[in-house]
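Asks: Using the sequences and the hints given, assemble the complete structure.
Mind the numbering: the sequence shown is residues 18 to 288 in our numbering, read in order.
Read the hints as simulated data drawn from the structure, not as lab findings. Just so it is clear, CB atoms sit at the ideal spot from N, CA and C, and this is done for glycine as well. Watch out, some of these pointers could steer you wrong.
Said to hold, decoys possible - Cβ-Cβ distance ranges computed for the label pairs, FRET-style:
no., residue 1, residue 2, range
1, ASP67, ALA192, 42 to 50 Å
2, LEU43, PRO198, 27 to 35 Å
3, ALA101, ALA211, 35 to 43 Å
4, ALA66, GLY144, 18 to 26 Å
5, HIS213, ARG98, 39 to 47 Å
6, ASP220, ALA269, 18 to 26 Å
7, GLU195, ASP57, 34 to 42 Å
8, ALA101, LEU126, 15 to 23 Å
9, ASP67, PRO214, 41 to 49 Å
10, ARG98, PRO214, 36 to 44 Å
11, ASP276, LEU191, 20 to 28 Å
12, LEU126, LEU197, 15 to 23 Å
13, ALA260, GLY171, 39 to 47 Å
14, ASP220, ARG268, 22 to 30 Å
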Amino acid sequence: MTPISLAHLTVLDLPPPRMIRLAAELGYDRVGLRLIRVTDTTPGYALHADPAALRDTRAALDATGITVNDIEFVRLTPEFRPEALLPFLDAGAALGARHVICAPYDPDLARLSDNLAALHRLARPFGLTCALEFFPWTNVPGLSAARDVVERTGIADVGILIDTLHFDRSASALADLEGLPPARLPFLHLCDAAVHPPYSTEDLLHTGRAERLPPGSGQIDLPAILSRLPPQVPVALEVPMSALQAEKGSRAVAARALDGARRLLRAAGRA
Numbered sequence: 018m019t020p021i022s023l024a025h026l027t028v029l030d031l032p033p034p035r036m037i038r039l040a041a042e043l044g045y046d047r048v049g050l051r052l053i054r055v056t057d058t059t060p061g062y063a064l065h066a067d068p069a070a071l072r073d074t075r076a077a078l079d080a081t082g083i084t085v086n087d088i089e090f091v092r093l094t095p096e097f098r099p100e101a102l103l104p105f106l107d108a109g110a111a112l113g114a115r116h117v118i119c120a121p122y123d124p125d126l127a128r129l130s131d132n133l134a135a136l137h138r139l140a141r142p143f144g145l146t147c148a149l150e151f152f153p154w155t156n157v158p159g160l161s162a163a164r165d166v167v168e169r170t171g172i173a174d175v176g177i178l179i180d181t182l183h184f185d186r187s188a189s190a191l192a193d194l195e196g197l198p199p200a201r202l203p204f205l206h207l208c209d210a211a212v213h214p215p216y217s218t219e220d221l222l223h224t225g226r227a228e229r230l231p232p233g234s235g236q237i238d239l240p241a242i243l244s245r246l247p248p249q250v251p252v253a254l255e256v257p258m259s260a261l262q263a264e265k266g267s268r269a270v271a272a273r274a275l276d277g278a279r280r281l282l283r284a285a286g287r288a
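Replies: This is the structure:
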């Protein structure tokens, strides 16, 4: 059975202990936790700076059996210093997290690769590996560019995080998925959306951050993507739906995302 994780962006209003309990009640296997905020107007839950909150989160994991798939969100900028993230990595280890999601915000791709490699080496003793996520509005806009960056690190298990929304809205092609070593694919961000190119940067950001669709509810060719990935790749549901959240709450969003994913995975023979 494919492990299914609840990504924090899907229910970003919930602090980690509440999110973990909700994930368990609905039948998720894992969660991804946003410990570092992405924008000035959205939350991050800095457990590495709050020992009481870290203890409460660890207690929720122990009580429910939920595990932590990933912690996020690390921006690799020109000013990036990996040592500054030691408390963040230590919190990840305390939570039993598997991966660190990294984002490319450096125009110097050689320096980006070097910083990614440095963070990965620093994270390894904490039981963590790094995965670089690509975004169409950055200078690592698609899968091919992300593969170049991670391969330049010279480290076999530095991962690439494929988000099906960003894959569809970038220059990536299905053929780009073929031949990727399994070690480069630690997990998949799974969601759906309407397909109506071309997209402005505003379109890309709004859909990505606020209004996606549950798997199987849009026009992205998710079966074609899944068919080109190794069968054991876990999925994380990153499906923010702000209108539904405002109307019915985060539980309804997480439940609808999970229902869509289960139906899609069953049809793909991955349930």
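Asks: Which hints, by number, does the structure contradict?
Replies: Structure breaks no hint.
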